[in-house]
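All residue numbers for the sequence shown refer to my numbering, where the first residue is 132 and numbers rise by one.
I should point out that these hints are in silico values taken from the structure, not numbers from a laboratory.
Everything numeric in this text was worked out from a predicted model, so none of it was measured.
Beta carbons: idealized from backbone N, C-alpha and C, even for Gly.
Warning: the hint list may mix true and false statements.
[What the hints assert, rightly or not] Derived DSS-like pairs (lysine-lysine); straight-line CA-CA distance at most 27 Å:
{"no.": "1", "residue 1": "LYS220", "residue 2": "LYS207"}
{"no.": "2", "residue 1": "LYS170", "residue 2": "LYS220"}
{"no.": "3", "residue 1": "LYS207", "residue 2": "LYS192"}
{"no.": "4", "residue 1": "LYS170", "residue 2": "LYS192"}
{"no.": "5", "residue 1": "LYS170", "residue 2": "LYS207"}
{"no.": "6", "residue 1": "LYS192", "residue 2": "LYS220"}
[Unchecked claim] For each label pair, taking beta carbons as the anchor points, the in silico distance ranges come out as:
{"no.": "7", "residue 1": "ALA184", "residue 2": "ALA204", "range": "30 to 40 Å"}
{"no.": "8", "residue 1": "GLU162", "residue 2": "ASN209", "range": "16 to 26 Å"}
{"no.": "9", "residue 1": "ALA204", "residue 2": "TRP160", "range": "28 to 38 Å"}
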Amino acid sequence: MHPEEVEAALRAGGEDEAVAVIGVPDPEWGEMVVACFPKTSGATARWQERAEALAPHQRPKRFLAIEPWPVRASGKINRVELRTAAAAKLGATGRDAS
132 MHPEEVEAAL
142 RAGGEDEAVA
152 VIGVPDPEWG
162 EMVVACFPKT
172 SGATARWQER
182 AEALAPHQRP
192 KRFLAIEPWP
202 VRASGKINRV
212 ELRTAAAAKL
222 GATGRDAS
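Produce the complete structure using the sequences and hints provided.
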């Protein structure tokens with residue numbers, strides 16, 4: 132399943148919110164699927180709840196609130212900056228380093 136398909140499935144549960152599904156380095160698996168979204172109150176629980184509708188192999192392994200949300204001048208998500216921010220937040224262990 133492509134990241135865009137997981138993003139669309141996550142968005143299907145509600146309004147058109149910003150979410151990006153990316154891969155970040157993982158010491159055990161090589162890469163881990165992570166759902167990232169702008170930091171807002173209750174966002175993590177909301178995205179985790181929506182992910183329950185996905186098959187287990189489609190669900191992101193982690194859910195990260197990212198602030199500031201990296202957006203290009205075109206209004207699109209800057210996925211390079213997002214991967215960097217997510218990797219920094221997770222640290223080398225794949226656990227939330229914040």
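Exercise for the section: Starting from the hint list further up, note which numbers the structure goes against and sort them upward. Expected result: none
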